[in-house]
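J.: Chain by chain, the residues run as shown.
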Amino acid sequence: MSDKSFTIMGSYNTKNTVEKVAAVVFTVCAFFAVLAVLSISLYMIISGTPAIFEVGLVDILFSTTWAPTAAEPSYGILYVILTSIIGTFMAILIGVPIGVMTAVFLAETAPRRLAQIVKPAVELLAGVPSVVYGLLGILILNPFIYKLEMAIFKDDTTHQFTGGSNLISAVLVLAIMILPTVINISESALKAVPKHYKQASLALGATHIQTIFKVIIPAAKSGIVTAIVLGVGRAIGEAMAISLVAGNGANMPLPFNSVRFLTTAVVSEMSYAADTHKRVLFTIGLVLFTFIMVINLVLNKVMKGGKKNADN
Amino acid sequence: MRIKKLAALLLTSILIAGAFSACAKQSNDSANTGDNTTNGGSEANEDISGNITMAGSTSMEKLSNVVAEAFMEKYPDVTVSPEFIGSSAGVEAVLAGTVNIGNASRYLKDTEKSSGAIENIVAIDGIAVILDKANTVTNITKDQLIQIYTGQVNNWNAVGGSDQPIVVVGREAGSGTRGAFEELLAIEDQAKYSNEINSTGGVMAKVTSTPGAIGYVSLDIVDDTVIAVDIDGVQATEENIKAGSYLLSRPFVMATLGEVSKQSKEVQTLFGYLKSDEGKELIKSIGLITVD
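Protein sequence lines correspond, in order, to chains C and W.
Each residue of the first sequence is one higher than the one before, counting from 1 in the numbering used here.
Each residue of the second sequence is one higher than the one before, counting from 1001 in the numbering used here.
Source of the hints: derived by calculation from the structure; they are not laboratory data.
C-beta atoms are modelled at their ideal positions from N, C-alpha and C, and glycine is treated no differently.
Below, a sample of chain C positions facing chain W; criterion: calculated Cβ distance under 8 Å:
{"id": "1", "residue": "ILE138"}
{"id": "2", "residue": "THR157"}
{"id": "3", "residue": "GLN160"}
{"id": "4", "residue": "GLY249"}
{"id": "5", "residue": "SER271"}
{"id": "6", "residue": "HIS277"}
Here chain W stands alone, though its shape is the one from the complex (with noise of 0.2 Å):
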């Protein structure tokens, strides 16, 4: 009698689990299918389909892989596929032709740009440099930032503060900001940190709560809990950074073979997405710096 009854309960909860994950099932779809009407409606409805290829800079990796997925999944029929071999390998290819875009986080060189690659820079990276609160010193040279994070400089009375140790912090090996700000300071793998802390957060942590500390950061993280220190006299601030004068700053640039009016559609249409709002607060989401 037992067992009858446990199988009936069984049987019952199995039953209610399929009702309930059809129903979700169906739920989902409808929802699905409510998305594209909209999508269909908004934008101008013309299906466009076929592969967009990238290939470049390993720091754009994340930003293109972002990019990729979001404009796949609102075009279905166009494949974007990213490569990540180098900014300069990158921009060879679109020379070349092999790729429709060449990824670059650098500003291109002459040479790249009378070849015919066309500079669309489409975000760009900033970086702060970041103490803890009472820290006095609120100005720092290149050279300082590059003695303190080789590990010449242990104190901040070296660099013009008090008399206090320095805490190097940073981010791990193979982080998209520690790649940037090494390349950047020309101290790839020199740099001596004595903390390495694998995120952003962590790193703000870290500084916030240890005097001396030094840190960076992308730059929209930065809120009142630090001091973001200037460089070189320039602010870190989003206006220094498109003006080009803040030093911790590089370009994403997606360049093309002639102008963006020239590519085929689907290319075009993600230039157009990429200035859209949608695009842009895509770009905003992983911490870059949209451009007008």
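So here's chain C without its partners, still in its complex pose (with noise of 0.2 Å):
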């Protein structure tokens, strides 16, 4: 079946068509993307717009109550806004820290041999679906943190218990989720700070950890802020485990309520809802959209700055 034929001419004549058609099909590819994005936002807005007008922007932001299938609904969604703000802020507060750290273990001090380990333990924590981190959320989670509020609220009368499906516990299945985020991206961060910096730090005299802190990281920075943003993004828009250990109670954001994010606000309530109720769901989607696009415009800010400060 070989060909025998090898002009010169018949060769570049094959070669170009490949090179057209696989132009062609790249394209195609590239623009189905821009059109997926432009769809979900059109009808994103064309869906969540319709109950604004029918319940006001008002008493959909800022108020408390949310009650949509009463006599007199109300459809307020400050608390669940609060929550995911909250609730995103807590995990980044906890979970920025450990996977910094992590990645500077990993890049700078590791032994070769522990690094192995580790950083294999990381990517696979990257792999599990959110799910398996919801249900571990109720098996082991729940318990210990239901423990925990018995002991804190022992003789309160007025406190309503929530068997540990609360703030505290979506915090902390959230801030083990964004991990492998922070840890995987900081590392390459830490990786690329050229090697003269630090060769140039503890040929002053830096010890190494005064290197890590005073010249690595500041000159990493970017790439840390990238890793956090992205963290962000991954929290506030996570639902499968935290519908499973949230409790899922429209409350204010304390550590032992019962709380609602806005992912879960949609999830819990989509399969029954009616009428306005089913459109101020979709307003919900909106604004945690909303919310997605100025992380990701923050996003790109940073990288750009990130590119100015590599290039100076």
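Since each chain comes alone in its own frame, lean on the hints to assemble the complex.
T.: Structure, rendered in structure tokens:
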């Protein structure tokens, strides 16, 4: 079956066709993604805005009562928004230091053998499906947090016991879930710091630890910020694990309150919601979508800033 | 040469795919016709056609939709169109003659009956209150249940149990079970949940795994991983619900104006269908109790 005619022209023509076809295929694929983003944005806006006119933007965003099926329904999602913000913030507060330290360990201080164990473990963590995090949260975290809750609110007659399904559980699960993102991106940022920075610092007499905190981490700052922003994105968009451990009551985001995030608010009530209730759920989706968009814009800014730093 | 090979491969795969899909379609068709003939054989071969309109309880939405779907599949010439406007409005509509069937998720009032509405109970909705296995409470009164679910009581020792916090588990807003539960206890919009779970299985799992938890689920899925607590001394069983002594149950009524036997052929067939084994299976499949 081998082709014996080795004319230069024939080969050129074939190659040329392949090149052209490939170029077209790539373009089509690229437009597919753009089309998806555009249609999602358009759909979210079309389906999310009717409820705003029906209920009123202020009544949705700044009212605290979520009672969609009441005789006089109320669709306030202020607590839900606050929960998403505070929950994500706390998860970042816990997850980022651990993640960055792990990245420092992997990039700088780890003995080779140990790094060979830790690195795959982190990568495996990234691949764990979010529902598994949720299940582990139910089985391990919730009972533990419930014990803590019982100890703290022992004689409180007004506290509503959550059985461990509360903001703390959700935050802890989120903190673990953002770890792989933070670790991987911070690690590559730390590794990208030019070797001579470190060598210069050490040559000036700084210790290894001083070098890490005064030279390497500041030099990798923009990469670490990128890691944090991506972590925020991961945390704020997570639904499955959270819906299993957070309790899903639309309450004020206090540590031992059953809370509802933007994502779980949509997920948990979509199946039976009707009319205005359903449309408000789409509005919640729109709010979440806006959050993610803002995070992405921030990310773009940060990345551009990082490039400028590198150029200098 | 390579391109030619590729093109050939593509062409063959398209051909094969086409052949497969054609086959699948054909076999589907033949299966359908087979189904139709058996149906035609078992039923008295009368071709009924027309419209059945029903309106009423939002709680009966699932039942109405499932029944309408199955019935229209069996009798393709009949259109069943359910609307959900509330029990009282549904009965009013049937009394006014604007619909064939008025759905009510409660017993008919005497005034409604005297106006000519006939109470045809097609199914019963039963809700069990469940506790985790370790709980020592076996009986709970209606008032205690209300206190627990409105947050006035947060420890089991206040309702005759051990010193343990109560974890109040419930369903999400919009769930029919939640609607029925709150309605039967007259605590609509006042219930305070610490866990709002969007599936029956989820409620079961949460109550099973949480000491001191209380939850509610459809009676039919209660198993021995939880305690179904007695309410006002009445056990949650199908018999007690049918006898009407168990608090957390309600009838699903399809009211007609005048006896069923006086209705149009389509409506009579629909009621016949609901009483058939097939209809009963359908009712059971959505977690309801059938009536004899």
